[in-house]
Amino acid sequence: MPTETLIWLIPLPPLLAFFLILLFTRKNNALSHTVGVAAAAISWLLGMLVFFAAIGIDHFGEHPFHSAIAWLPTGETFFNIGVMIDPLSAAVLFFVAWTVLMIFIYSIGYHNFGAPKGEHDKPGLPPHGAEDHGHHVPSIEPMYARFFAFIALFAFGMYTLVVSDNLLTLFVGWEIMGLCSYLLIGFWYGKPSARDAAKKAFLTTRIGDVFMLLGIVALYSATGTLNFHEILRNENILHLLASTPSGVFGLSAAGLIGLLLFIGTVGKSAQWPLHVWLPDAMEGPTPVSAMIHAATMVSAGVYMVLRMFPLLSAGWHHGDPLTTTMTVMAFIGAFTAIFAATIAVTQNDIKRVLAYSTISQLGFMIAALGIGAYVAAAFHLVTHAFFKALLFLGSGSVIHGMEHGVLHTGEHVDPQDMFNMGGLKKKMPITFWTFLIGGFALSGFPLITSGFWSKDEILADAFANGHFTLLVVLSLAALLTAFYTMRQITLTFFGEPRTKAADHASENKLVMTGPLMVLSVFAIIAGWVGIPEHFPGIGGLLPNWFHDFVGSSLLEHPHAPDFHPVPLLISLGVALGGLALGYLVYRKAGSVDPLRKPLGPLYTLLENKYYFDELYTKLFIRPAGVIAEKFSYWFLDRKVIDGVLHGVAQNSITLGTFFRDRFEGPVISGLADWLANTTAAIGRALRKVQTGAVQQYLLVVALVAFGGLFYYLFAVLR
Amino acid sequence: MDFLNSHLLSLILFSPLAAALVVLLLPGQNKTLTRWVAFGLSLVPLAFTLVAWFGFEAAPVVDGFRFQEQTVWYSAINSYYHLGIDGLSLSMVLLTTILTPIAILASFSVEDKVKAYMALFLALETGMLGVFLSLDLLLFFVFWEIGLVPMFFLIDQWGSAKGERELWNGIKVPARRYASFKFMIYTMAGSLGLLLAIQMIGVVSGTFDLIAIFQSWPALEGTLFGLPVATVKSIAFWAFAIAFAIKVPVWPFHTWLPDAHTEAPTAGSMILAGVLLKLGAYGFLRLVLPLYPEQAQQYAGVLALLATAAIVFGALSAWAQTDFKRLVAYSSVNHMGFVVLGIAAAAYAAGTESATIAMNGAVLQMFNHGISAAAMFFLVGVIYERSHTRDLEKFGGLFPLLPVYGALLILSSMASLGLPGLNGFVSEFLVVRGAWPIFTAYTAISMIGLFFTGAYILKGIAKTLHGPLNEHWKGHITDINRRELLVMAPLVVLMLWLGFWPAWLLNVINQAVVALFG
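First to last, the protein sequences are chains A and B.
Reminder that position 628 of the first sequence reads as 658 in this note's numbering, one-by-one numbering, no gaps.
Reminder that position 179 of the second sequence reads as 231 in this note's numbering, one-by-one numbering, no gaps.
Treat the hints as calculated values from the structure; they're not laboratory data.
One or more of the hints may lead you astray.
Derived DSSO-like pairs: lysine-lysine, alpha-carbon spacing no greater than 30 Å straight-line [unchecked claim]:
1) B:Lys526 to A:Lys147
2) A:Lys669 to B:Lys214
3) A:Lys152 to B:Lys526
4) A:Lys530 to A:Lys660
5) B:Lys511 to A:Lys221
6) B:Lys224 to A:Lys660
7) B:Lys446 to A:Lys221
8) B:Lys224 to A:Lys57
9) B:Lys446 to A:Lys669
10) A:Lys152 to A:Lys456
11) A:Lys660 to B:Lys511
12) B:Lys446 to A:Lys660
13) A:Lys648 to B:Lys511
14) B:Lys446 to A:Lys152
15) B:Lys446 to A:Lys648
16) A:Lys539 to A:Lys660
17) B:Lys511 to A:Lys152
18) A:Lys669 to B:Lys511
19) A:Lys530 to A:Lys456
20) B:Lys224 to A:Lys669
21) B:Lys224 to B:Lys446
22) B:Lys214 to A:Lys660
23) A:Lys221 to B:Lys526
Quick caveat: nothing in here was measured; it's all calculated off a predicted structure.
If we strip away everything but chain A, and leave its shape as in the complex, we get (with noise of 0.2 Å):
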């Protein structure tokens, strides 16, 4: 079969499935699970397939893949869609293929495939636990098939999202995911903060979403197309939309379409400001999380910025001064890489720790693209796929592990709460190693962990390029970042139990712990393809294959910042240094967070998250209900237009009775007789004019009308 055929088939397992489990098998949960693996088991294969046939090909990014048919009919000519896969689309469908993969096999452990049903277990709602031959043990959650189908969907949707070769059936993809989002996010929505979570991540990432949609039509009025290989890769238009002003901010064509698109990232991406949906996102089953948050969702959202990077950046070249939008990029990307790790510090949920972790990572690589390192970026969105994929199912086996405690000791305590932990590494040992190996990654630890080669590589590119305030910026964000990620690590695993709960905890099976071990293989290895050719010691001995694979997919191959020591130094010095301290303050930490003391009401600013969610719903989301209900409704709808249209009525009205009384009653009534009697005369002498024949009655509508209709041009008007 020929390659292109693969690629148009890697999406169409997942959405079969979706339609199987919801119409067939979803009473039967081991069938709805068993068709939803399979399905992401033979779109992985397929992707493999495609991948390896990729990587074997020679001057790949000038000859991708590709195979397009006709879809809409826009006049005289047909909007056509297709897939395509080049060289950075193969990098995102590999990290793709495995996390889905591995999100849903750990599924099935995480929902408790094969416990019995919870009593008082109800759709919509976690499961509350069984009981069996008198032990309290966890139960199947009662929804089990139709989250197979929703992720299922959700995979369709960012398989859509990698294969598109053009703008609109990505938009396709990404929006379906936007919906699974919703419904995976609001799985659980017997819970009021599920519902409210579903529906704030929906109508943020919805902001972005519009503007994307301008965005594309945008580009699709000024080329013609919205083929990525017809735009990106062809000089002319690339060159023409850099240089036409488009009349906004004096940005050029190529700018403001950028600067759109852009803001479609920003709400997928969870970018400040608008990365609020992202926090509450954790209202989700876990897998999900891991799916939203490493696999695909927010991933998209930089993988778009990426795909379009030579619009967004057209007309720069290496080494000019950055575009307004490339600057407005490095901006939002450096500020929200520190501005989420400081509330990460603070936060107690494991979950929400790698949440804002993840928000801030993603802001290393829109800085990164920002400054033009493209090459950088991509490599952090692949390495920290993995190993944020790798760390939220980590976070979902604690938090699996401290529900087993919970469930037996009876305890009220939150299993989410690492403050409730503690002592976990003797309990849960593979849970404990991945999770490091995560941590580590997400730190940058050296030389292993493929978080440093990115992380450096992102560095490097802003101290060669002299970008220093963003260097600076982004080695405080990676000093935090590997702080709270040595916080979370030694609450969680090190020292004594803070809880019963936590004693009792214990290790997941294997369906959940296997996952965890390949995605932790790649959160090291995945590193190792890009390590730059002069690293003192080890550079060189592995080619620098992943800047040259990924780098063939622009015209023009990116230039790859020379080795200095400076960067290097920095990076080692935050990973480690951030991750001394995090050891150190938390080594002994009991209930109470150290830090809360010693940074006052900084610190209870930062757990409140700088208080955006309370200044947006003052904001933006109050003013917009009142004026939907009290000016748009209730005042123009009610008062102003249906007042007009009962003052006319009511004025009719009045002057009809006026008629009635003075006119009708005086005059007509005193002719009524005459005319009655005569009436009748004529009528019974019109009976044989009366044939019934609708021509004539119109006739008689006709005349009366001309008249009037002659009568008002001749008389009035003249």
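Following the hints, complete the assembly by docking chain B onto the known chain A.
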């Protein structure tokens, strides 16, 4: 076969009326029989339409129209019984003949005066089809008015029995009476100008035949009745435009809609939103743009402004509602705004690629809105029949009780919201794409409406299905039944099919748009 081909449109047009007579003449008062006969017979026009659909490509084209029939209707004023279809009318006829059987099936729960109800419904179909099929101005107008009567009675007699509306000075009337009169009088008021303008065109052109008028009227120059033709045309343009704007409805002529839709019986709302609103938009496409190309271009900006207002205020007002049905009703204002925006863009830049795309989008949006609005009104009706309330605050957490219903509600809501992958997205995308280079600012502002579309759609879902279960409904509310599933099935299929592969319909539309305005 010859007879079928030469009278196909008449068969489509009058088979519903014949069906109405059959239903009226049915012996006895057997409700079940009446319902099934009405439903069975309502499939006849659909069958004829499918014949037209599949024979469409092969049928000869005369002056841009196929399957034409022409007989002198009234020779003294040169009015003809002239029918014909192109891609625009075909897609609308298809929408009408698909939705009517579905609406009749949805009406099986009507218990009151079943015979009269079904007969009126079928008669209504003839009225609507007549508008889409007519190629004679006078005939067009006659059908335009005929459709009002059955709908008036459907709202007035079978509308929701509860609720009052205050008029002025504390005078209160039953809500359905208020709604039916508002609907009737408002539309009639718009029709007055339309009638006058039609008469004037007929007199000036010496015929009411549209094919002839398409040739002569736009080319007319000089003076008429002592006025420059341009002035007369402008006046007539507005007479047409206001009549159609009321029907669409374009903001600020829209306030009859939430009342009528809310008070109408479920199937009435389905047809109102599904087809009747399209009559107005069709009027713009069939008559206003071809007859007044210059005026349309001149005033396109005003139209686009009003469309943007409809999109934004429609969405905001929908979001403000606590009555589920009223929320859905306002969503029609919001969605039809995109139709008008597309039309306005096409009017302004006729002949350009953007105009063609915008027009394609507008017509496809008419069809898509017909499908998703019918589905939404039906689903609101389903839950109303069980709970006897439409107050969103009284629901909550019903998903576990209504799993299948819930899934359908989410799907239809998403189609209505314009989720990519479902039907509404394709048409909204085309409209936005077409309008962007022509009315950039309006298009950008309309995105506010698109955002709040999300807000009101999610409000509807969250308040009914999600959150803690309102225990009150436990045991009192049942999931969707088999007949109701049958109503939803074709709508769901169309939502998915048109979202995934819109070309089957868009090809037909595109052909007509290119022929008319390309």
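Hint check:
no.	hint	in the structure
1	B:Lys526 to A:Lys147	holds, 21 Å
2	A:Lys669 to B:Lys214	holds, 23 Å
3	A:Lys152 to B:Lys526	holds, 13 Å
4	A:Lys530 to A:Lys660	violated, 53 Å
5	B:Lys511 to A:Lys221	holds, 16 Å
6	B:Lys224 to A:Lys660	holds, 23 Å
7	B:Lys446 to A:Lys221	holds, 17 Å
8	B:Lys224 to A:Lys57	violated, 53 Å
9	B:Lys446 to A:Lys669	holds, 27 Å
10	A:Lys152 to A:Lys456	violated, 34 Å
11	A:Lys660 to B:Lys511	holds, 18 Å
12	B:Lys446 to A:Lys660	holds, 22 Å
13	A:Lys648 to B:Lys511	holds, 19 Å
14	B:Lys446 to A:Lys152	holds, 21 Å
15	B:Lys446 to A:Lys648	holds, 27 Å
16	A:Lys539 to A:Lys660	violated, 56 Å
17	B:Lys511 to A:Lys152	holds, 23 Å
18	A:Lys669 to B:Lys511	holds, 25 Å
19	A:Lys530 to A:Lys456	holds, 15 Å
20	B:Lys224 to A:Lys669	holds, 16 Å
21	B:Lys224 to B:Lys446	holds, 25 Å
22	B:Lys214 to A:Lys660	holds, 25 Å
23	A:Lys221 to B:Lys526	holds, 18 Å
Consistency note: the structure conflicts with the earlier hints numbered 4, 8, 10, 16.
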